Amino acid sequence: MLRSDRWLIWLFLAPSLLLLGVFLYYPMIGTVIESFYDTSFISPDPRFVGTAVYEKVFASRDFPSVVWNSVVWTVGVVLLQNLLGFATALLLNEKLPFRGLTRALVLMPFVLPGVVTAILWRFMYDPQLGLINSLMIRLGALDDNAAWLASPDTAMAAVIFVAVWKGFPFSMLIYLAALQNVDKSQIEAATLDGAGPWRRLIDVTIPAIKDVVLVNIVLTLILTFNYFDIVWVMTRGGPRDATHIFPTKIFETGFGQFRFGEAATYGVVSIAVLALLVALYVLVQVSANKRRALA
Amino acid sequence: MTQPFTTRLILIACQALLALFVLLPFFWMLSVSLKPPTEPFAIPARLWPQDPTFANYVEAFRPEFRTYFLNSLIVSGASVAITVTLGLLAAYSFSRTQLTIITALMAGVVLAQMFPHSAIIIPIYKLMREAELLNTHLSLIIAYVSVTLPVAIWMLRGFLLKLPISLEEAAAIDGAGPVRIFWQVVVPLARPGIIATAVYVLIVTWQEFLFALSFTSTREMRTLPVGLNDFIGQYGIRYGELMASSVMVSVPVIAVFFFLQRYFVAGLTAGAVKG
Chain A
1 MLRSDRWLIW LFLAPSLLLL GVFLYYPMIG TVIESFYDTS FISPDPRFVG TAVYEKVFAS
61 RDFPSVVWNS VVWTVGVVLL QNLLGFATAL LLNEKLPFRG LTRALVLMPF VLPGVVTAIL
121 WRFMYDPQLG LINSLMIRLG ALDDNAAWLA SPDTAMAAVI FVAVWKGFPF SMLIYLAALQ
181 NVDKSQIEAA TLDGAGPWRR LIDVTIPAIK DVVLVNIVLT LILTFNYFDI VWVMTRGGPR
241 DATHIFPTKI FETGFGQFRF GEAATYGVVS IAVLALLVAL YVLVQVSANK RRALA
Chain B
296 MTQPFTTRLI LIACQALLAL FVLLPFFWML SVSLKPPTEP FAIPARLWPQ DPTFANYVEA
356 FRPEFRTYFL NSLIVSGASV AITVTLGLLA AYSFSRTQLT IITALMAGVV LAQMFPHSAI
416 IIPIYKLMRE AELLNTHLSL IIAYVSVTLP VAIWMLRGFL LKLPISLEEA AAIDGAGPVR
476 IFWQVVVPLA RPGIIATAVY VLIVTWQEFL FALSFTSTRE MRTLPVGLND FIGQYGIRYG
536 ELMASSVMVS VPVIAVFFFL QRYFVAGLTA GAVKG
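Keeping their order, the protein sequence lines are chains A and B.
Here the first sequence stands for residues 1 to 295, where the numbers follow this note's numbering.
Here the second sequence stands for residues 296 to 570, where the numbers follow this note's numbering.
It is worth saying that the hints were derived from the structure and are not from the lab.
A few of these clues could be false.
What the hints assert, rightly or not - Only pairs whose alpha carbons sit at most 30 angstroms apart, straight line, appear in this in silico DSS-like list of lysine-lysine: (1) B:457 x A:184; (2) A:210 x B:421; (3) A:95 x A:184; (4) A:56 x A:210; (5) B:421 x A:56; (6) A:184 x A:290; (7) A:184 x A:210; (8) B:457 x A:290; (9) A:290 x A:210.
Keep in mind the model is a prediction, meaning the values are calculated, not measured.
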């Protein structure tokens with residue numbers, strides 16, 4: 001397409017822009033508007049109530065627990081997923097037998113549909129029939145059957161574990177690509193200077209891929225905060241709301257109880273949190289580009 | 296660089312542990328799907344099926360399951376085709392001009408990737424209700440195209456930026472019009488990017504759950520993830536069947552991914568690493 005074909009540029013863009021406008025940007029604003037109206041199953045006609053719904057939501061007992069759960073969930077998954085992803089990338093960057101095969105197999109959880117992942121692990125966690133208790137008891141790590149998903153003390157950790165299992169291959173993929181771009185002569189120079197593997201990792205490899213690490217962390221932060229299917233299918237937010245995070249709370253309030261106003265209020269808060277994360281992402285990207293321009 | 300023997304041994308052991316961690320759940324899913332009805336209830340749980348049988352697969356492939364499968368095929372297939380087409384057109388425009396307004400629009404597209412689906416679903420639901428599209432394939436296709444389009448545009452733009460513009464200029468000198476240049480020069484060259492994007496859209500739409508759960512209300516319209524979720528209640532105790540269904544839901548998308556992995560990994564990492 002050459003410069004003179006400006007009309008064609010707009011013709012090619014129009015359908016995409018129209019769709020995104022109507023089905024992403026308009027709903028984004030729509031959620032904010034919705035949060036100022038109240039509807040319920042009993043009175044389905046929306047009524048303008050100003051910030052009344054916010055006051056109600058903020059004062060409710062559920063709100064602080066949803067915020068806390070979201071923090072635990074997001075920080076836990078992002079941290080573990082990136083650590084495991086990075087360690088795996090380091091391992092599979094070494095010349096080992098069956099490396100290619102392992103790289104391919106490790107990606108399988110990433111492609112396994114979320115609902116299947118959740119159902120499979122729910123069954124793995126089953127107190128009597130599940131593989132986890134049976135293995136742990138046989139290995140001597142556990143004395144008696146534990147009800148991982150049914151106890152408020154362990155449910156969140158159990159769900160985080162599954163999300164990390166499904167998510168770390170994605171982080172690994174990106175870290176592996178970054179590691180393969182690291183200048184090998186620098187590593188060799190460090191080796192000649194007498195640096196051991198640990199020093200090489202800290203002084204050469206990590207500084208070289210710092211930008212990718214940061215972008216990767218912020219991206220998984222955004223994705224994890226918005227996760228719905230694994231948590232919903234495994235626990236429905238339970239037991240006793242121990243695993244309710246923003247997306248599950250929004251779905252339950254909106255489509256389970258038809259309290260659209262309250263669901264939208266939770267939606268607006270989650271959009272605000274996300275705006276913060278996106279700002280962080282932009283900041284990281286801009287400073288990374290600046291560093292690259294200087295280098 | 297040569298490593299000491301013990302280091303190498305430790306690394307190989309780590310690799311084996313990693314493979315076990317990743318594959319054990321898959322193995323168990325397969326194993327239970329091959330067990331006769333009472334065997335999943337053996338306590339403690341057994342890893343290998345003692346009496347392997349395909350009966351669960353036959354049982355699970357009931358008419359409802361076939362309906363869900365067909366719905367998923369229709370919705371994912373249409374979403375892949377439409378997203379890739381619209382995405383390629385938009386990405387081409389975004390990659391061949393540097394007008395300020397176009398750059399600003401591209402930023403808007405990148406931003407839209409990050410909108411939380413749960414936070415925007417209520418207005419989309421109401422739009423669909425007013426358009427009387429709830430509980431139709433079309434409502435899901437529209438939603439899927441909208442949410443996958445931003446990433447598709449971003450991925451395809453990365454590919455198109457790397458194509459040499461000189462080929463298009465040469466075709467223009469030969470008298471080819473812009474539409475012909477697009478169709479006969481750009482599209483064939485962009486094929487790896489198109490495949491990578493199609494795989495991405497397939498992975499996302501094949502497993503999409505939130506929209507499918509909210510927009511469909513009858514069994515005739517359900518997609519596989521929603522149908523599978525219903526199985527928990529309906530056939531909760533029949534684990535063999537549940538696992539057999541799970542295998543059948545997963546195999547198509549895993550198979551496609553393995554055949555086209557090369558393209559997908561290249562497409563994803565090119566964008567992520569180069570920023």
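Status of each hint after checking the structure:
{"no.": "1", "hint": "B:457 x A:184", "in the structure": "holds, 25 angstroms"}
{"no.": "2", "hint": "A:210 x B:421", "in the structure": "violated, 44 angstroms"}
{"no.": "3", "hint": "A:95 x A:184", "in the structure": "holds, 14 angstroms"}
{"no.": "4", "hint": "A:56 x A:210", "in the structure": "violated, 43 angstroms"}
{"no.": "5", "hint": "B:421 x A:56", "in the structure": "holds, 23 angstroms"}
{"no.": "6", "hint": "A:184 x A:290", "in the structure": "holds, 24 angstroms"}
{"no.": "7", "hint": "A:184 x A:210", "in the structure": "holds, 16 angstroms"}
{"no.": "8", "hint": "B:457 x A:290", "in the structure": "holds, 22 angstroms"}
{"no.": "9", "hint": "A:290 x A:210", "in the structure": "holds, 13 angstroms"}
Hints 2, 4 from the earlier list are contradicted by this structure; the remaining hints agree with it.
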